[in-house]
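*Asks:* Got chain A; can you put chain B on it based on the hints?
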Amino acid sequence: MSERKLINGNEATAEGAIAAGCRYFFGYPITPQNKIPEYMSEHLPDVGGVYVQAESEVAAINMVYGAASTGAWAMTTSSSPGISLMQEGLSYMIGSELPCVVVNMVRGGPGLGNIGPAQSDYWLATRGAGHGDGRCLTFAPFSVQELYDLVGEAFTIAQRYRNPVMILADAILASMREPCRLHERRDPPPGQPEWAVGGPRDGRPRNIINSLYVDLAEEEQVNLRIARRYEEAAQQEIRFVEYGADEPQILICAYGIASRICQTAVQQAMQAGVSVRLIRPISLFPFPEEAIRQWAERVEKILVVELSLGQFIEDVRLAVEGRCPVELMGRTGGMVMTPEEVTDRIVDGRGRLNECLTPGPSAAGRGE
Amino acid sequence: MNQSMHQTPTDQVKPVYTYPDSLTEVPLRYCPGCTHGIAHRLVAEVIDELGVRERTVAIAPVGCSVYAYEYFNTDAVQAAHGRGPAVATGIKRTRPDTIVFTYQGDGDLASIGLAEVIHAAARAENFTVIFVNNAVFGMTQGQMAPTTLMGQKTTTTPRGRTIEQGGHPLNICELLAQIPGVAYLARETMIAPKYVMRAKRSIKKAFQAQMQELGFSLVELVSSCPTWWRMKPLEAFAHIEEKMLVQYPLEVFVDKLKEANDSSG
Chain A
0 MSERKLINGN
10 EATAEGAIAA
20 GCRYFFGYPI
30 TPQNKIPEYM
40 SEHLPDVGGV
50 YVQAESEVAA
60 INMVYGAAST
70 GAWAMTTSSS
80 PGISLMQEGL
90 SYMIGSELPC
100 VVVNMVRGGP
110 GLGNIGPAQS
120 DYWLATRGAG
130 HGDGRCLTFA
140 PFSVQELYDL
150 VGEAFTIAQR
160 YRNPVMILAD
170 AILASMREPC
180 RLHERRDPPP
190 GQPEWAVGGP
200 RDGRPRNIIN
210 SLYVDLAEEE
220 QVNLRIARRY
230 EEAAQQEIRF
240 VEYGADEPQI
250 LICAYGIASR
260 ICQTAVQQAM
270 QAGVSVRLIR
280 PISLFPFPEE
290 AIRQWAERVE
300 KILVVELSLG
310 QFIEDVRLAV
320 EGRCPVELMG
330 RTGGMVMTPE
340 EVTDRIVDGR
350 GRLNECLTPG
360 PSAAGRGE
Chain B
0 MNQSMHQTPT
10 DQVKPVYTYP
20 DSLTEVPLRY
30 CPGCTHGIAH
40 RLVAEVIDEL
50 GVRERTVAIA
60 PVGCSVYAYE
70 YFNTDAVQAA
80 HGRGPAVATG
90 IKRTRPDTIV
100 FTYQGDGDLA
110 SIGLAEVIHA
120 AARAENFTVI
130 FVNNAVFGMT
140 QGQMAPTTLM
150 GQKTTTTPRG
160 RTIEQGGHPL
170 NICELLAQIP
180 GVAYLARETM
190 IAPKYVMRAK
200 RSIKKAFQAQ
210 MQELGFSLVE
220 LVSSCPTWWR
230 MKPLEAFAHI
240 EEKMLVQYPL
250 EVFVDKLKEA
260 NDSSG
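Protein sequences, first through last, are from chains A and B.
Each residue of the first sequence is one higher than the one before, counting from 0 in numbering that gives the first Met the number 0.
Each residue of the second sequence is one higher than the one before, counting from 0 in numbering that gives the first Met the number 0.
Since the hints were made in silico from the structure, they are not lab data.
Treat each hint with caution, since some may be false.
Claimed, not checked - Partial list, computed: chain A residues near chain B (C-beta under 10 Å):
1) F25
2) V51
3) E54
4) V57
5) A59
6) A67
7) T69
8) A71
9) G197
10) G198
11) P199
12) R200
13) D201
14) I207
15) I208
As the list claims (entries may be wrong) - Across the chosen pairs, the derived CB separations fall in these ranges:
16) A/G131 with B/L174: 28 to 36 Å
17) B/K193 with A/V213: 35 to 43 Å
18) B/K242 with A/R159: 53 to 61 Å
19) A/R203 with B/A237: 44 to 52 Å
20) B/L169 with A/E37: 29 to 37 Å
21) B/E173 with A/P204: 39 to 47 Å
22) B/T17 with A/R126: 50 to 58 Å
23) B/T17 with A/R224: 36 to 44 Å
24) A/E2 with B/A123: 33 to 41 Å
25) A/G131 with B/L169: 27 to 35 Å
C-beta: ideal position from N, C-alpha, C; glycine also.
So here's chain A without its partners, still in its complex pose:
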């Protein structure tokens, strides 16, 4: 049984988590994601779950760390400044090989910034999880439905790889209402993973959750074990969607809400006479580099459209490895490009592919 409801991204996040079996939420208020902790505080007790309002994002992620240590399906959500504060805890979770789900409703920054939509936490999400040689598996939805589905799947993925999963969304997705197909709420799987703490009962050996390895060679082995899980994720979890011309002159790379804008731009550019294809990565780490590399062999150029000034483009360039020019169209600080602005970058006045796609990041927002 499933029902279709008009909900916003915050509600989809919260309900998606509960429906997937998440029963423990620890969070701290920050706009634009406050509806998530509100929803959790209202609905988790109905399903035997627990909501705790932490004293800070630092405490919230460490409560998640404790909950995950017992094998519980736990999550927290926040927005950019709060995610910065969670980096240490996430690093500990990676080092201790603990699963959890974290949702970042990205807002404009740096600093306190604003509550506008942004993608400027790309590096934070895909490179980050604080210090050390580990990363968060990162997925970026572009609709309320995809957000709902991904949050649910994220718990399974986090368990599979014993690693935090980051869902990277933004202020638009958080507040935007869309029809969303909801499935019935499931219980989390019964029992505890064999590594979980809860007391060494019935003579089982005691379990220790730890990320301290003073033996350097042992630490290297642990890091290599974690890295092998990322390699396995690169085999199993790569997700992307393509859209547009089969023989494109130009490829647009965009993710999340920016890719939504680019869908319209693809239609406009095609009508104007330029053949365009859009590739929309859903998994940002692992990154769909092979798919982008293959298109790089066949197109004249790649335009990267992102709500930041050149973060996502780095992964595209690493995939392309110089096979074709890769240019940036970025807006920042909570500002969003229109489809027409993207189209104008691609199509010149005579209906041909623009010679120069990007005047440079400093021109972003000036409407060239």
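*Replies:* The following block gives chain B in isolation, referenced to the frame of chain A:
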């Protein structure tokens, strides 16, 4: 595992003093004259006596006692610096059937982790904190802690702590005593057998408060650091008696266990 390690050696010899079941036989890495070893043993004896080892989760801090997860023969989680009470909250809220204690030094609890411990107390979280206060950052080699005494020389107060440079010592128990979520709160020390017995009684009550779900419990143990105080162990104990206990007087600040037992007749 531990039972086989602690078997009676022969039929004729009856052991009168052994490792508690709740301690592993991993050799402690603490400096000579440090009271962490006594504190570990007291906690382990209490866990044994309450019969809860098989459902206990220890939370190790960052500091000299970071290896607590190797010493306590229970499940264990190593927490980020100061975050023990948040981690304990996550464990206890998901597994209320466990017995959870954090073991934290004064850098971990009174400096970087002050918010976590105060809010855990305010939420009346049902776990126990063992707070080892030796007025110095031991593991990082003797820097000033929030609990460092006025005038005390450390590697970052080489001329002695002054108000101008380092402010005043922080009395954690006195801060926590006013919070209604606290069920048991005491400050103890371990410089002589009578104090050790007292300390053990308080630790036991703190765990009992947790088992009876009365709320947050904490026992502060005024402890020695001969290495970074640059004293011989006995001088360090004398320093505790003459100086530390003036700033940090021994007291049972809160005992709701007593109230709960009194009211139940």
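*Asks:* Which numbered hints does this structure break?
*Replies:* none
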